[in-house]
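Work the whole structure out from these sequences, hints included.
As they're listed, the protein sequences go chains P and A.
Going by numbering that gives the first Met the number 0, 0 is the number at position 1 of the first sequence; the sequence numbering is gapless.
Going by numbering that gives the first Met the number 0, 95 is the number at position 96 of the second sequence; the sequence numbering is gapless.
Do not rely on the hints blindly, as some may be mistaken.
Only pairs whose alpha carbons sit at most 25 Å apart, straight line, appear in this in silico SDA-like list of lysine to any residue [to be verified]:
1) Lys134(A) x Ala25(P)
2) Lys138(A) x Ser42(P)
3) Lys9(P) x Lys88(A)
4) Lys88(A) x Ile53(P)
5) Lys33(A) x Arg85(P)
6) Lys150(A) x His16(P)
7) Lys138(A) x Gln12(P)
8) Lys280(A) x Trp31(P)
9) Lys134(A) x Lys280(A)
10) Lys150(A) x Glu34(P)
11) Lys88(A) x Ala25(P)
12) Lys62(A) x Arg38(P)
13) Lys138(A) x Thr57(P)
14) Lys150(A) x Gln15(P)
15) Lys134(A) x Ser52(P)
16) Lys88(A) x Leu47(P)
17) Lys138(A) x Val11(A)
18) Lys149(A) x Leu45(P)
19) Lys88(A) x Pro49(P)
20) Lys150(A) x Lys76(P)
21) Lys101(A) x Asp225(A)
22) Lys138(A) x Glu8(P)
23) Lys150(A) x Thr77(P)
24) Lys150(A) x Trp59(P)
25) Lys88(A) x Ser52(P)
26) Lys134(A) x Thr57(P)
Covered by chain A, per the in silico footprint, the following chain P stretches (three or more residues, Cβ under 8 Å) [what the hints assert, rightly or not]:
27) 23-30
28) 61-75
29) 78-91
A few chain A residues that face chain P, going by a derived Cβ cut-off under 10 Å, partial list only [what the hints assert, rightly or not]:
30) Glu6
31) Gln70
32) Gly74
33) Trp153
34) Glu154
35) Leu294
36) Ala295
By construction, these hints were calculated from the structure, which means they are not laboratory data.
Using N, Cα and C, we set each Cβ at its ideal position, and we do this for glycine too.
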Amino acid sequence: MIFEVFRQEKKGQAFQHAGSVVAPDAAFADAWAREQYGRRGESTALWLVPRNSIHQVTEWADEFDLKYRRVDGYSIKTRLAEARQRASANRPATSGVGSTEPHENQ
Amino acid sequence: MDSRTQEFLAFVQAGGQVEAGDWLPDEYRAKLVKFIEMHANSELMGVLPEREWILKAPTLQRKLALTAKVQDEVGHAQLIYRVAEDLGKPRADMLADLVSGKAKFHNVFHYPTYTWGDVGVIAWLVDAAAIISQKALLKCSYAPYARIMKKICWEESFHILHGRDVILAMMTGTDAQRELVQEALNRWWAPLMQFHGNPIARDEDPMYIWRIKSQGNEEARQQFLDGYVPQIWELGLTVPDPQLAKNDDGVWVYGEPDWDELMSVVTGHGPRSQDRLAFRKHFIEQEKWVRDLVLAA
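Rendered as structure tokens:
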């Protein structure tokens with residue numbers, strides 16, 4: 000059996016994949032992973048996971064163009080420029096003090 | 000080259016890394032297995048010259064440090080064989096190819112050790128040359144290999160210190176001790192200069208093309224010379240190469256290494272090649288019962 004080894008370097012940190020060991024069962028995997036990944040106190044904890052228990056996901060279908068769920072799904076630059084231009088063209092020549100200046104940074 | 004392979008090549012050349020489950024071109028997989036297997040073999044064979052000195056180490060501390068180093072190196076071999084196994088070659092086949100002479104291991108592990116000076120030079124300079132190659136593997140296009148190199152490079156960093164400490168103890172000792180170090184350096188210099196391989200242009204080196212390695216042979220050798228020749232000189236040691244010098248442009252020049260010797264040694268004709276393979280073969284056979292027992296568990 001192949002066990003994937005994940006190690007945590009300090010308490011509170013994420014476990015990171017470190018390598019794998021081959022062992023007939025979890026008890027042997029425990030002994031070997033301790034020896035390989037912990038004998039100098041370099042890990043606070045290990046996760047040993049039988050490789051065939053890992054369900055891997057690598058295919059990411061996007062038939063419906065789901066970009067609207069993300070920041071990069073919105074391109075507002077052109078529309079914003081157009082809207083500002085439109086607003087300033089329609090603005091009356093005289094108006095309240097300072098209140099109609101467009102915000103450059105928006 | 001088909002378009003899928005072309006795309007893969009462009010991906011790795013742009014710094015991309017792939018995982019064990021990804022599609023790999025056959026040629027890439029074959030090159031990767033050959034390279035990784037040779038690395039694993041070198042770790043496993045590399046402990047034999049040092050192992051000989053565990054019983055003869057001068058102090059208890061040195062004996063313990065050397066034992067720990069041997070354990071580390073065998074551990075590296077196990078990690079690296081594991082990565083190669085995942086690429087499709089069973090470990091038993093790799094060990095069989097090693098002892099039959101079909102697969103290679105690094106040139107520096109084919110030579111004898113005569114004195115404690117050799118042990119110091121191996122742990123300091125052979126490990127230094129090796130760590131330069133190994134650090135370049137941290138960026139390997141095959142990610143599972145790159146990941147285990149983190150642990151390996153970390154452990155190599157104290158092996159180098161162990162070697163340097165052994166050398167410094169001798170260099171601050173008696174004239175006879177200093178002589179032992181100089182003699183060992185004289186023996187190891189030629190194999191060290193051959194270690195990184197012939198100066199093939201990196202863009203013609205398949206291991207670089209596929210980004211298995213991230214630097215060329217000559218770049219690695221220049222890095223070794225730049226890092227370690229000044230450290231050798233400052234101790235009052237002499238490098239046995241009258242042509243060795245650093246040019247104004249920062250490039251080291253040196254006497255041409257003996258490439259025929261390198262080829263002959265790595266194909267199993269070194270002074271200790273056959274003894275060490277026979278030793279390894281003996282133990283693989285003797286310890287078969289352990290593997291059988293564990294696999295039956």
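Against the structure, the hints:
1. Lys134(A) x Ala25(P): Status violated; Cα separation ~32 Å.
2. Lys138(A) x Ser42(P): holds (23 Å)
3. Lys9(P) x Lys88(A): Judged against 25 Å, a Cα distance of about 35 Å means the pair is violated.
4. Lys88(A) x Ile53(P): holds (22 Å)
5. Lys33(A) x Arg85(P): violated (67 Å)
6. Lys150(A) x His16(P): holds (12 Å)
7. Lys138(A) x Gln12(P): Holds, at roughly 23 Å.
8. Lys280(A) x Trp31(P): holds (23 Å)
9. Lys134(A) x Lys280(A): violated (30 Å)
10. Lys150(A) x Glu34(P): Roughly 13 Å separates the two Cα atoms, so the pair holds.
11. Lys88(A) x Ala25(P): Cα-Cα ~24 Å, so holds.
12. Lys62(A) x Arg38(P): OK: Lys62(A) and Arg38(P) at ~18 Å, within 25 Å.
13. Lys138(A) x Thr57(P): Distance ~22 Å between Lys138(A) and Thr57(P) Cα, so the pair holds.
14. Lys150(A) x Gln15(P): Distance of about 13 Å is within 25 Å: holds.
15. Lys134(A) x Ser52(P): violated (32 Å)
16. Lys88(A) x Leu47(P): holds (23 Å)
17. Lys138(A) x Val11(A): With a Cα-Cα distance of about 10 Å, the restraint between Lys138(A) and Val11(A) holds, given a limit of 25 Å.
18. Lys149(A) x Leu45(P): Within the cut-off at roughly 17 Å; holds.
19. Lys88(A) x Pro49(P): holds (20 Å)
20. Lys150(A) x Lys76(P): At roughly 47 Å apart (the allowed maximum being 25 Å), Lys76(P) and Lys150(A) break the hint.
21. Lys101(A) x Asp225(A): This hinted pair is violated, its Cα atoms lying about 35 Å apart.
22. Lys138(A) x Glu8(P): holds (21 Å)
23. Lys150(A) x Thr77(P): At roughly 50 Å apart (the allowed maximum being 25 Å), Thr77(P) and Lys150(A) break the hint.
24. Lys150(A) x Trp59(P): At roughly 32 Å apart (the allowed maximum being 25 Å), Trp59(P) and Lys150(A) break the hint.
25. Lys88(A) x Ser52(P): Within the cut-off at roughly 23 Å; holds.
26. Lys134(A) x Thr57(P): violated (29 Å)
27. 23-30: holds (count 3)
28. 61-75: violated (count 0)
29. 78-91: With 0 residues closer than 8 Å to chain A, the segment 78-91 of chain P misses the three-residue bar; violated.
30. Glu6: At 17 Å from the nearest chain P Cβ, Glu6(A) fails the 10 Å test, so the hint is violated.
31. Gln70: Because about 8 Å separates Gln70(A) from the closest Cβ in chain P, which is inside the 10 Å limit, the hint holds.
32. Gly74: Holds, because the Cβ-Cβ distance from Gly74(A) to chain P comes to roughly 6 Å (cut-off 10 Å).
33. Trp153: holds (8 Å)
34. Glu154: holds (8 Å)
35. Leu294: holds (6 Å)
36. Ala295: Status holds, d = 8 Å.
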